[in-house]
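Colleague: One letter stands for each residue in the lines below.
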Amino acid sequence: MKDLEYHLYEEARAGRMTRQQVLVRGSVLGISASVLGTILAACGSSASDNSTSAGSSGGAIKRGGTGIFGITSPASDVDPVTMFNTGAIMTTQLACDYLVFPDAQYALQPKLATKWESGSTPDTWTFTIRQGVKWHDGSAFTNDDIVASFDRMLDPKIGSAALSAFSGVLSRGSVESTAPDTIVFHLDRPYADFPYLVSAFNYNSVILPKNYQIGDFTKGGVGTGPFILKTFSKDQGVTYTKNPHYWEKGKPYLDAATIKYFSDTPPIVLALQGGAINAFPQVPYQGSQALFSDSNITVTETPSSEYRTLQMRVDQEPFNDKNARLAVAYALDRPGLVSGLFNGKAQLGNDHAFAPIYPGSPTTDQVPQRVQDVDKAKSLLNGKTINVTLTSEQFLEIPEYAQFVKQMCAPVGINVKLDTQPQSQFYGTGANQPWLQVPFGITDWGARGTAGQTIDPAYLCRSVPNKTLSNSGGWNSAHWCDPAFDKLVEQFEGEVDQQKRIATAVSAAKIQQAEVPDVIAYWIKELRATRNNVHGLPVGPTFHLDASAMWLS
Amino acid sequence: MASVEGSDVQIQPPAAPVLDVRAERRRRRRELLRALVRSKTFVVGAVILAFWVLDAIFWRAIVPHDPLAVGPVDTLKAPGGAHWFGTDNLGRDVFSRVLAGAATVLVIAPAATALGLVGGTAVGLVTGFYRGWVDDVVSRIVDAFLALPLIVIAVLVLASLGRDTRNIVLVIGIIFTPLIGRTVRSAVLVEREREYVAAARLRGERGIRIMVWEILPNITGPIMVEATVRLAYAIFTAATLSFLGLGLQDPSPDWGLQIANGRAYMQVAWWMVIFPAAALATLVVGVNLVADGLKRVVEE
Numbered sequence: 001m002k003d004l005e006y007h008l009y010e011e012a013r014a015g016r017m018t019r020q021q022v023l024v025r026g027s028v029l030g031i032s033a034s035v036l037g038t039i040l041a042a043c044g045s046s047a048s049d050n051s052t053s054a055g056s057s058g059g060a061i062k063r064g065g066t067g068i069f070g071i072t073s074p075a076s077d078v079d080p081v082t083m084f085n086t087g088a089i090m091t092t093q094l095a096c097d098y099l100v101f102p103d104a105q106y107a108l109q110p111k112l113a114t115k116w117e118s119g120s121t122p123d124t125w126t127f128t129i130r131q132g133v134k135w136h137d138g139s140a141f142t143n144d145d146i147v148a149s150f151d152r153m154l155d156p157k158i159g160s161a162a163l164s165a166f167s168g169v170l171s172r173g174s175v176e177s178t179a180p181d182t183i184v185f186h187l188d189r190p191y192a193d194f195p196y197l198v199s200a201f202n203y204n205s206v207i208l209p210k211n212y213q214i215g216d217f218t219k220g221g222v223g224t225g226p227f228i229l230k231t232f233s234k235d236q237g238v239t240y241t242k243n244p245h246y247w248e249k250g251k252p253y254l255d256a257a258t259i260k261y262f263s264d265t266p267p268i269v270l271a272l273q274g275g276a277i278n279a280f281p282q283v284p285y286q287g288s289q290a291l292f293s294d295s296n297i298t299v300t301e302t303p304s305s306e307y308r309t310l311q312m313r314v315d316q317e318p319f320n321d322k323n324a325r326l327a328v329a330y331a332l333d334r335p336g337l338v339s340g341l342f343n344g345k346a347q348l349g350n351d352h353a354f355a356p357i358y359p360g361s362p363t364t365d366q367v368p369q370r371v372q373d374v375d376k377a378k379s380l381l382n383g384k385t386i387n388v389t390l391t392s393e394q395f396l397e398i399p400e401y402a403q404f405v406k407q408m409c410a411p412v413g414i415n416v417k418l419d420t421q422p423q424s425q426f427y428g429t430g431a432n433q434p435w436l437q438v439p440f441g442i443t444d445w446g447a448r449g450t451a452g453q454t455i456d457p458a459y460l461c462r463s464v465p466n467k468t469l470s471n472s473g474g475w476n477s478a479h480w481c482d483p484a485f486d487k488l489v490e491q492f493e494g495e496v497d498q499q500k501r502i503a504t505a506v507s508a509a510k511i512q513q514a515e516v517p518d519v520i521a522y523w524i525k526e527l528r529a530t531r532n533n534v535h536g537l538p539v540g541p542t543f544h545l546d547a548s549a550m551w552l553s
Numbered sequence: 001m002a003s004v005e006g007s008d009v010q011i012q013p014p015a016a017p018v019l020d021v022r023a024e025r026r027r028r029r030r031e032l033l034r035a036l037v038r039s040k041t042f043v044v045g046a047v048i049l050a051f052w053v054l055d056a057i058f059w060r061a062i063v064p065h066d067p068l069a070v071g072p073v074d075t076l077k078a079p080g081g082a083h084w085f086g087t088d089n090l091g092r093d094v095f096s097r098v099l100a101g102a103a104t105v106l107v108i109a110p111a112a113t114a115l116g117l118v119g120g121t122a123v124g125l126v127t128g129f130y131r132g133w134v135d136d137v138v139s140r141i142v143d144a145f146l147a148l149p150l151i152v153i154a155v156l157v158l159a160s161l162g163r164d165t166r167n168i169v170l171v172i173g174i175i176f177t178p179l180i181g182r183t184v185r186s187a188v189l190v191e192r193e194r195e196y197v198a199a200a201r202l203r204g205e206r207g208i209r210i211m212v213w214e215i216l217p218n219i220t221g222p223i224m225v226e227a228t229v230r231l232a233y234a235i236f237t238a239a240t241l242s243f244l245g246l247g248l249q250d251p252s253p254d255w256g257l258q259i260a261n262g263r264a265y266m267q268v269a270w271w272m273v274i275f276p277a278a279a280l281a282t283l284v285v286g287v288n289l290v291a292d293g294l295k296r297v298v299e300e
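As you go down the protein sequences, you meet chains A and B in turn. First residue of the first sequence: 1, per my numbering; consecutive thereafter. First residue of the second sequence: 1, per my numbering; consecutive thereafter.
Hints are computed from structural coordinates only; laboratory data are not their basis. Take the hints with a grain of salt, since some may be wrong.
What the hints assert, rightly or not - To spell it out: a stretch of chain A is covered by chain B in this simulated footprint if at least three of its residues, at any positions, have a beta carbon under 8 Å from a beta carbon of chain B; those stretches are:
| hint | region |
| --- | --- |
| 1 | 166-175 |
| 2 | 190-196 |
| 3 | 325-338 |
Said to hold, decoys possible - Once the Cα atoms are required to be at most 27 Å apart in a straight line, the calculated DSS-like pairs of lysine-lysine come out as:
| hint | chain 1 | residue 1 | chain 2 | residue 2 |
| --- | --- | --- | --- | --- |
| 4 | B | Lys77 | A | Lys525 |
| 5 | A | Lys230 | A | Lys249 |
| 6 | B | Lys40 | A | Lys406 |
| 7 | A | Lys406 | A | Lys322 |
| 8 | A | Lys384 | A | Lys406 |
| 9 | A | Lys345 | B | Lys77 |
| 10 | A | Lys115 | A | Lys230 |
C-beta atoms are modelled at their ideal positions from N, C-alpha and C, and glycine is treated no differently.
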């Protein structure tokens with residue numbers, strides 16, 4: 001047993017980690033199944049049951065048929081290198097593979113990589129690559145493809161959305177093929193969660209052929225994944241056939257797959273109810289309520305790290321006053337929001353970015369849960385009245401959230417005016433990106449695999465947007481900078497010892513909660529809806545789509 | 001000074017006939033009113049319309065809840081004792097929102113109709129009275145305008161100018177101008193051949209005076225009918241624009257907007273759509289009944 005394996009074993013034995021947390025951390029650190037089994041035994045439970053599929057287990061697997069998915073049309077181009085839109089990402093994921101893929105509990109599963117481990121400090125990561133894998137055109141998959149894929153993502157000229165995720169962690173030219181089955185990543189600094197950055201949680205990090213050109217994907221036949229893209233229409237959808245030489249023997253079970261693009265949620269709900277589609281992988285709660293009472297449909301819910309920031313510019317009136325920010329935080333009735341917006345399908349947020357789903361995130365015993373306290377909020381304002389405009393976007397439950405914020409702030413003495421913009425306007429371009437500029441705003445953040453993936457672009461000093469809003473990954477929309485917090489986050493990200501990680505996370509979370517650059521009121525549970533005849537489709541993580549084991553009864 | 005004396009001489013003789021004409025008009029108006037009260041169609045329509053107009057003015061006094069007050073724990077409640085029409089996805093009282101929604105539509109639609117009426121009457125009078133090249137040019141422009149799908153024009157204009165109440169009124173008013181202009185023109189074409197117009201010309205009255213003082217009072221009937229018909233269309237157009245997201249924005253209790261928002265919840269909260277839709281329907285039907293009654297009476 002190696003040092004870090006022993007650490008994990010100690011944590012498990014002391015009862016400081018649950019079985020699930022051991023599984024997740026073990027998978028990130030690349031601990032082998034046999035060692036993990038020993039550690040799990042210390043948790044006092046045996047067999048690793050990881051059945052996290054939508055629908056019932058449904059007996060013997062039936063092969064054949066077409067899996068039909070209904071998703072919202074990608075608003076931007078569908079290309080694995082540049083995509084950032086969930087529709088485009090799901091479209092890619094049926095055809096392409098990552099080195100590793102997270103399951104619904106955020107534990108990492110081998111895909112193109114079979115094993116991975118860090119060096120003595122986590123600034124070097126060695127991945128063992130699966131052999132005998134073929135591209136959709138039948139040609140052999142090699143390490144050159146992997147190196148080229150990362151160099152492409154890390155090339156500032158290409159403009160991959162992954163560039164910001166790798167910022168300060170991995171630079172161009174530091175991915176090395178040391179043996180035909182070995183890839184070594186030389187990181188810029190120790191990063192204990194690195195495997196998440198080569199998983200679907202850094203969705204652009206799909207492995208593509210070395211001669212890949214932007215735009216090739218939608219022409220078809222690109223990837224190593226379970227399905228081969230045949231036709232693509234930006235308005236209608238995508239068709240795929242089964243990949244006959246998929247590396248996982250016997251899979252996929254389906255003969256074909258189809259993605260249908262829809263403009264909005266209601267038609268997808270109706271299509272699923274009517275049987276025109278089998279699965280609705282990313283279900284927003286608002287507008288999908290009818291699915292919960294339909295006996296032909298199974299809706300699964302899993303906790304996730306998807307959340308909204310209610311950001312307050314710390315360098316501008318009126319929220320340059322910390323008490324004003326705290327007043328907003330105390331004004332909100334969080335259980336009320338979870339009930340009103342999601343009918344309970346969300347977890348309470350505590351104004352720090354360590355989501356409850358991450359193993360080792362501070363518990364409410366360590367960082368007490370912030371609760372509504374109107375009197376306290378009033379006294380923080382000291383009789384002052386604040387007038388402020390809340391800018392948000394027409395997207396998912398956000399307009400409703402804004403209305404609730406307005407209503408809940410009023411009794412405290414904060415008069416909120418709402419400005420709800422179309423999503424494209426809210427995100428804007430160039431030097432006009434309201435979400436990074438407004439004094440008070442709501443921004444949607446997708447789920448990440450680890451706290452660092454959100455904190456790095458959203459809360460560090462180096463992520464404060466510059467004047468022209470041109471710094472890569474500069475998405476610190478509150479413009480908050482606290483060097484002590486930055487230092488703790490860097491320690492946290494470089495630490496493999498779980499006990500030390502937790503201690504650092506608690507300190508960082510306390511700072512963030514006290515300074516409250518943004519209110520984090522809830523963590524959304526992800527919903528996935530399938531017709532009852534769908535089996536083997538994982539319930540998550542979030543919208544990510546791995547249909548290799550899906551079958552229809 | 002000479003002109004003052006001259007005008008004295010000229011005005012004196014026709015004074016008596018003008019008075020006669022005015023008395024005649026008053027008599028006809030009284031007759032019209034009596035006929036209207038006898039028309040069941042008109043009375044039913046007027047009652048419905050009056051209900052909504054009174055509601056639009058006094059809704060603040062009668063709503064049981066603040067139509068904008070959200071309630072996170074009261075979302076999507078079915079109609080019942082506390083909320084007669086249920087609550088929407090934000091926990092707002094649908095009954096109060098339906099009552100309050102009349103106010104926005106009954107400001108926008110009449111204002112837009114009035115604007116269209118003024119513009120349309122002017123266009124109709126000028127083209128119908130002058131005929132010739134003025135009529136040819138303006139009528140061809142109107143034809144070209146009418147060839148375009150009107151809702152598309154509205155969508156384009158609102159998307160580029162911005163979506164405030166003033167712009168919505170302007171857009172609907174401008175769209176209605178050529179439509180009303182056509183109706184007015186055909187009425188003017190009939191009137192301009194009448195003897196009283198020829199007499200006015202002989203008296204040397206100028207064109208603008210003949211149009212406004214001689215012809216216009218004699219075509220008020222068709223114009224009133226046109227106005228009520230257009231009012232119903234304006235209500236519908238305003239609601240359509242809101243439904244398409246180009247009209248008023250949330251949290252406004254506007255009916256079109258409520259229907260659009262409720263669409264996604266049709267299966268679980270039908271009350272979010274049915275009640276504002278019914279309110280809109282009754283108002284449009286009411287206005288149409290008034291228009292029908294008016295038309296029949298005027299034609300008789």
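Colleague: Run every hint past the structure and note whether it holds.
Modeller: Status of each hint after checking the structure:
1. With a cut-off of 8 Å between beta carbons, the region 166-175 of chain A has 0 residues touching chain B; three or more are needed, and the interface restraint is violated.
2. By the rule of at least three residues with a Cβ nearer than 8 Å to a Cβ of chain B, the coverage given for the region 190-196 of chain A is violated, with 0 such residues.
3. Residues of the region 325-338 of chain A with a Cβ under 8 Å from some Cβ of chain B number 3, which satisfies the need for three, so the listed coverage holds.
4. A distance of roughly 23 Å separates the Cα atoms of Lys77/B and Lys525/A; the hinted pair therefore holds under the 27 Å criterion.
5. As the CA atoms of Lys230/A and Lys249/A are separated by approximately 22 Å, the hinted pair is consistent with the 27 Å bound.
6. Among the hinted pairs, Lys40/B with Lys406/A is inconsistent with the structure: their alpha-carbon atoms are about 48 Å apart, more than 27 Å.
7. Simply put, Lys406/A and Lys322/A have alpha-carbon atoms about 19 Å apart, close enough for the 27 Å limit, and the pair holds.
8. Note on Lys384/A and Lys406/A: the hinted pairing holds, with a Cα-Cα distance of about 17 Å set against a maximum of 27 Å.
9. Restraint check for Lys345/A and Lys77/B: the C-alpha separation of about 18 Å stays at or below 27 Å, so the hint holds.
10. With a CA separation close to 32 Å, the supplied pair Lys115/A and Lys230/A exceeds the 27 Å bound.
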